[in-house]
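Residue numbers (the working numbering), protein chains in the order written: chain A, 1 to 408; chain B, 1 to 360; chain C, 1 to 273; chain D, 1 to 282.
Don't take every hint at face value.
Stated by the list, open to error - List time: in silico DMTMM-like cross-link candidates among lysine to aspartate or glutamate, alpha-carbon distance up to 20 angstroms: (1) A:Lys98 - C:Asp40; (2) A:Lys392 - D:Asp56; (3) A:Lys251 - A:Asp332; (4) A:Lys248 - D:Glu65; (5) A:Lys251 - D:Glu65; (6) B:Lys266 - B:Glu304; (7) A:Lys349 - A:Asp332; (8) A:Lys111 - D:Glu65; (9) B:Lys158 - B:Asp170; (10) B:Lys158 - B:Glu176; (11) A:Lys98 - C:Asp66; (12) A:Lys98 - C:Glu62; (13) A:Lys316 - A:Asp332.
What the hints assert, rightly or not - Here are some chain D residues the structure puts well away from chain A; computed CB gaps all over 10 angstroms: (14) Arg11; (15) Phe62; (16) Val66; (17) Thr69; (18) Ile70; (19) Gly135; (20) Glu185; (21) Ala186; (22) Ile230; (23) Gly232; (24) Gln236; (25) Leu267.
These aren't lab readings, by the way, just hints derived from the structure by calculation. Ideal Cβ placement from N, Cα and C applies to all residues, glycine included.
Below are the chains, spelled out letter by letter.
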Amino acid sequence: MRRTPSRGITVVAGAAVLLLGMAACGTDSGDDDKSGGDNPGSEGFTPPDVPMLESLGDPEGQVNILAWPGYAEDGSTDETVDWVTPFEEASGCQANVKPFGTSDEAVQLMKTGEYDVVSASGDATLRLIAAGDVAPVNTDLIENYADISPFLKDQGYNSVDGQMYGVPHGWGANLLMYDTETVSPAPTSWAAVFDDASQYAGKVTAYDSPIYIADAALYLMNTQPDLGIKDPYALDEDQLAAAVEVLKAQKENVSEYWSDYLKEIQAFKQGDTVIGTTWQVIASLAQSEGAPVEAFLPDEGSTGWSDTWMISSKSKNPNCAYAWMDYIASPDAQAQVAEWFGEAPANPKACDSVTDDTFCETYHVSDADYAAQIHYWTTPIEQCLDGRTDVKCTDYGDWTTAWTEIKG
Amino acid sequence: MVGAGSPAISVRGLSKHYDQVRAVHGLDLDIEDGEFFSMLGPSGSGKTTVLRLIAGFEPPTAGTIRLGDEDVTDRAPYDRDVNTVFQDYAIFPHMSVLQNVEYGLRVKRVAKPERRRRAEEALATVRLEGYAARRPHQLSGGQRQRVALARALVNRPKVLLLDEPLGALDLKLRREMQVELKEIQREVGITFVFVTHDQEEALTMSDRIAVFNDGRIQQLATPVELYEQPASAFVAGFVGTSNLLDGQVAKELVGEDGTFVIRPEKLVMHAEDGAPAADGNTAVAPGVVREVVYLGASTHSVVELDAGATLTVAHQNTDRSIDAALERRQQRVVLSWRRDHLVALGRAPDPETPSPEEES
Amino acid sequence: MPLVRLPAGLRVSVTVVTLVVLVVIYVPLLLVLLNSFNTDRTFGWPPPGYTTHWWSLAWHSEGARDALFTSVRVALAATAIALVLGTLAAMGLRRTRFFGRNVVSLLIILPIALPGIVTGLAFQNGFRTILGLQLSLWTIVIAHATFCIVTVFNNVQARFARLGGNFEQASMDLGAGPFTTFRLVTLPMLRSALLAGGLLSFGLSFDEIVVTQFTASSTDRTLPIWIFQNLFRPNAAPIVNCVAAALVLFSVIPIYLAQRLSGDAAEAMTGAR
Amino acid sequence: MSLISRRPGLRVGLLLTPPMLWLGVAYLGALAALLVTSLWAQNDFTGNIERTWTLDNFRDLFTIEVYRTITLRTIGIATLVTVVDALLAFPIALFMAKVASPRYQRLLVIAVLMPLWASYLVKAYAWRGMLSSNGLVESIASPFGLGTPGYGLLATTMTLAYLWLPYMILPIYAGLERLPNSLFEASADLGAGSWTTLRRVVLPMVFPAFVAGSIFTFSLSMGDYIAVKIVGGTSQLLGNVVYDNQGAANNLPFAAAMATIPIVVMLAYLAAARRTGALEQL
């Protein structure tokens with residue numbers, strides 16, 4: 001997940017198909033009963049019985065928010081970037097924002113019970129639900145919930161048995177960006193950075209994180225069906241080895257791995273790099289800086305992320321927490337977050353409020369088909385997420401080791 | 001010299017050992033009230049250690065120290081009525097001369113006007129009127145030395161300890177300060193305990209001198225006694241130039257066994273043909289002049305006696321030309337001396353046995 | 001100070017190399033300054049145009065200001081602790097030749113001799129995994145103080161070595177107890193050494209990023225952390241350049257002071273990390 | 001009170017207790033805990049640390065070849081950076097200590113210290129800009145038929161050498177300043193040329209200062225993980241492995257195991273440095 005590069009950690013967010021064990025897609029909304037296999041938490045996963053708020057009362061006067069940096073800006077970084085203050089004025093709830101650096105930190109902090117709401121990523125949501133740290137969300141009490149893109153609702157990573165445990169926040173895809181002056185013809189497939197990378201030897205870039213192995217796995221899923229990869233986050237040892245081979249071959253042509261906006265934009269602008277993975281926000285920024293670049297979703301689909309606001313089961317300020325979740329799902333707030341952070345807002349009505357007319361088109365906000373092509377980042381674990389039980393899958397530790405080896 | 005009542009300092013069985021090194025060993029010592037007492041010895045002889053033990057900078061390994069009537073052995077330096085003038089003066093660099101001098105009174109919470117008056121008085125004693133506002137780095141060596149003295153004296157301690165305070169001064173200044181120190185001591189009447197390795201300094205100023213070697217007192221006596229009747233070869237050698245006659249030489253020239261010493265100025269050098277005859281009072285010995293050293297006021301000649309010993313002869317350069325002396329190099333001469341000028345040392349001192357009797 | 005008359009050839013070559021090295025040292029810094037006026041948000045080279053826009057943003061950036069104050073607070077606290085512990089250690093080792101002396105010296109040097117990542121990870125692991133504490137401003141302060149002790153220690157020790165040991169004895173001899181002696185004699189004589197050591201320690205803590213990254217919670221943002229977080233945002237990166245440029249310019253003051261106060265340039269800087 | 005001044009051992013004990021508690025218990029304790037942690041395992045599902053003893057982390061460290069490669073590469077870079085800094089630092093330190101007038105001396109010290117206050121990150125990014133395809137290095141080098149080295153190990157070495165240079169200059173300057181001027185005169189008087197004087201007299205005498213400075217440059221390079229990300233292209237150093245494992249992978253035990261490598265290397269380095277007396281000059 002891109003998050004603040006500050007912790008460089010950037011692991012892992014993402015939508016977990018952990019429960020469902022479904023390969024791919026996540027478009028089968030609400031199809032929870034489809035879940036199969038005996039991977040943990042999948043079959044017979046019964047979340048602790050946590051009561052849901054039935055009706056709203058008076059605001060408690062404050063709300064403690066645990067958020068990814070950039071999700072709840074209160075003007076302290078940039079005076080003009082502030083959507084927390086309007087919330088405070090409208091709701092009468094004072095918002096205490098604590099940014100967190102990693103999903104692990106978020107899970108740990110939620111266990112203290114000191115926070116009312118959290119912006120949880122795909123690798124944190126299920127852990128929170130299973131541990132009973134978060135409560136089901138009564139979506140009837142959240143006015144703006146109705147406007148949320150349907151393909152984000154009742155997903156395996158934010159609901160159990162049709163019961164939502166949160167309000168979708170936003171999502172995004174890892175795109176392929178290229179220099180339109182150097183790269184010709186325009187690529188259509190990830191092959192441009194894998195099998196055909198030698199065309200641009202020394203000018204290829206890739207995301208600097210073990211999770212990038214999933215990109216190679218996704219590519220293999222399409223090019224080498226024999227390997228039997230069904231989920232880029234569920235790789236057994238052989239499959240991981242195959243992905244590592246792809247990446248090792250790619251490395252010969254890589255100029256550098258990028259981990260932050262600035263580095264990638266600079267590299268494309270100066271011509272040190274001409275092709276590689278990117279985020280929409282980086283592509284847009286690079287274009288606005290006059291770099292001759294295009295970014296697109298290749299034929300194979302791509303990896304990406306999706307986050308959800310959840311409420312603590314121990315919340316002392318549930319009314320303010322609901323007010324926040326409602327507010328952050330509102331078109332205005334969604335527009336501001338999405339534009340500042342650079343991702344697709346969960347609420348398409350935000351498109352009426354964004355300052356940039358082309359924003360929603362650029363980010364494919366209401367494009368369910370587009371969203372369907374995204375394999376949301378999930379932490380790989382030993383139990384295969386694709387439902388296989390005959391093999392052990394490689395976990396994130398293995399991926400980290402593999403990534404170290406790939407870089408050499 | 002010996003005053004009534006208890007001595008100013010009384011030390012019994014004092015020892016200080018550092019690991020294997022015995023800096024001071026089993027020392028007994030009494031220093032009388034109002035005395036100018038010197039501790040003389042080569043470096044490493046233990047004299048400075050004794051001073052530091054008295055001041056309280058270090059705890060003794062064994063023994064007691066009494067100041068007047070009080071046993072101060074276990075007291076901290078600030079609880080003892082003694083003050084020290086350090087070898088390097090240790091004048092506080094961040095304070096003015098006045099502040100330095102006032103320091104002891106300040107920490108004793110003496111009222112400001114009183115303290116100012118006494119400090120100025122002390123500065124007057126050391127002839128530093130008008131220097132009160134100076135900073136230490138603006139002072140000459142001699143002036144610093146006086147500030148250190150004033151700083152100690154202002155407290156009117158029972159005993160003032162001085163740790164080679166003149167060592168850093170040039171010869172001329174040192175001579176002046178020696179006289180001045182002695183005057184000041186008479187003026188204030190405080191007991192001075194003075195540590196030095198300079199025998200001339202000790203002889204000039206002291207009422208009594210303790211000669212240290214190897215952590216023990218070799219001899220404790222007045223300057224005159226020390227010079228005229230050294231108790232051991234070490235003392236004889238350390239205080240003045242020693243001319244030793246021992247073994248076979250002693251037998252031949254003195255006529256008995258033992259070690260004898262005779263001071264250079266007590267020897268008379270004659271031309272070979274003009275020598276007096278030996279008799280009951282006078283001894284004579286022929287020899288060859290090996291070296292002649294011109295010292296301005298006097299001349300030293302080193303004579304190798306036929307009997308075997310080598311003696312130094314001093315003679316004042318009074319009226320006659322010194323050329324005669326210089327021309328004697330490598331010539332044969334005869335030395336004569338009065339037999340009663342010869343001091344018998346008894347046996348050569350053994351470091352493991354106590355030195356000849358200290359005064360009681 | 002009398003200068004050595006180095007032979008002409010050596011003199012010239014040394015001078016030339018010095019000039020070249022100085023240029024190399026300052027070109028990147030000038031570039032930072034230049035980029036703070038660069039209209040290009042990702043500091044494209046050569047700059048397409050110049051603007052003071054970033055400086056005005058930097059001036060109004062609440063985050064930068066908060067981070068600055070946080071850094072100052074952390075640096076002050078760490079320096080205060082380092083001053084106490086460093087002085088105590090230097091006093092303890094003074095004139096003492098006990099068997100553990102070398103061990104103590106090594107222990108004081110160790111936090112700065114080991115890479116920051118080791119110190120940082122050790123503290124993070126110690127606080128979180130072992131003690132189960134939440135990271136906070138205090139965990140940063142503790143970690144910083146640990147590697148700041150050495151600067152104070154070095155300065156105080158050098159001062160002691162230069163002073164010699166008689167001043168305290170003189171004071172005690174004149175009737176002052178240990179505490180009075182410390183207050184009236186030791187402390188005043190150490191003052192400039194403590195100031196120099198303290199300033200170095202402050203600077204060290206102020207610009208520390210590695211150990212800070214490991215021991216800071218996500219809410220505690222020191223200036224280097226703020227820079228780290230913002231340097232990678234194209235909209236904020238030029239502001240960071242402004243802040244960095246301003247820091248370099250203002251750093252003259254503490255450095256000059258440290259040098260002035262210590263009186264001895266070499267002493268002021270040893271341990272200047 | 002009196003007891004304290006009468007018993008030096010007690011006094012030393014009281015003075016040293018607080019710093020030793022801090023360094024000996026808190027700091028060494030943290031280091032020890034790090035070693036202990038490196039012997040623990042990590043739960044794959046929860047990412048939590050499991051306090052069961054295992055040597056797996058060290059087994060991986062020694063058996064997986066890439067870690068050896070990275071360790072050697074890191075030591076190599078650190079050595080190279082140290083050598084480059086020593087070569088650059090000596091002339092400027094000599095100029096400061098023995099050529100410049102006292103006024104310039106003071107200015108030069110400030111000039112050398114000032115860059116230390118500019119954020120490390122900002123400076124590293126400035127180098128990234130200079131080393132880019134159309135950057136400053138390229139424009140300066142192109143008339144000589146050279147180009148930018150691009151991002152990689154060479155760029156990393158250059159950037160690190162730049163970042164740590166003041167840490168090498170200052171101790172050497174301090175060491176040279178301590179050298180009495182009469183040494184130069186004595187050597188010249190005895191007929192030695194300036195190079196001979198430098199080689200036979202000055203260098204041996206300031207060698208401990210070199211070692212003192214090298215502790216900084218070497219240690220700082222050993223632990224770096226940020227500069228190499230900015231200008232290192234695809235390369236990685238030891239610090240990156242530690243950092244990625246504690247952060248991204250949340251595998252603290254393995255990060256801890258990896259961190260023992262720089263500890264061991266630096267302890268060996270310090271032990272060697274101690275023989276030269278360099279530790280007194282830090």
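Hint-by-hint comparison with the structure:
no.: 1; hint: A:Lys98 - C:Asp40; result: violated (32 angstroms)
no.: 2; hint: A:Lys392 - D:Asp56; result: holds (19 angstroms)
no.: 3; hint: A:Lys251 - A:Asp332; result: violated (43 angstroms)
no.: 4; hint: A:Lys248 - D:Glu65; result: holds (15 angstroms)
no.: 5; hint: A:Lys251 - D:Glu65; result: holds (18 angstroms)
no.: 6; hint: B:Lys266 - B:Glu304; result: holds (17 angstroms)
no.: 7; hint: A:Lys349 - A:Asp332; result: holds (8 angstroms)
no.: 8; hint: A:Lys111 - D:Glu65; result: violated (39 angstroms)
no.: 9; hint: B:Lys158 - B:Asp170; result: violated (30 angstroms)
no.: 10; hint: B:Lys158 - B:Glu176; result: violated (25 angstroms)
no.: 11; hint: A:Lys98 - C:Asp66; result: holds (15 angstroms)
no.: 12; hint: A:Lys98 - C:Glu62; result: holds (16 angstroms)
no.: 13; hint: A:Lys316 - A:Asp332; result: violated (27 angstroms)
no.: 14; hint: Arg11; result: holds (46 angstroms)
no.: 15; hint: Phe62; result: holds (14 angstroms)
no.: 16; hint: Val66; result: violated (4 angstroms)
no.: 17; hint: Thr69; result: violated (6 angstroms)
no.: 18; hint: Ile70; result: violated (7 angstroms)
no.: 19; hint: Gly135; result: violated (7 angstroms)
no.: 20; hint: Glu185; result: holds (53 angstroms)
no.: 21; hint: Ala186; result: holds (54 angstroms)
no.: 22; hint: Ile230; result: violated (7 angstroms)
no.: 23; hint: Gly232; result: violated (7 angstroms)
no.: 24; hint: Gln236; result: violated (5 angstroms)
no.: 25; hint: Leu267; result: holds (24 angstroms)
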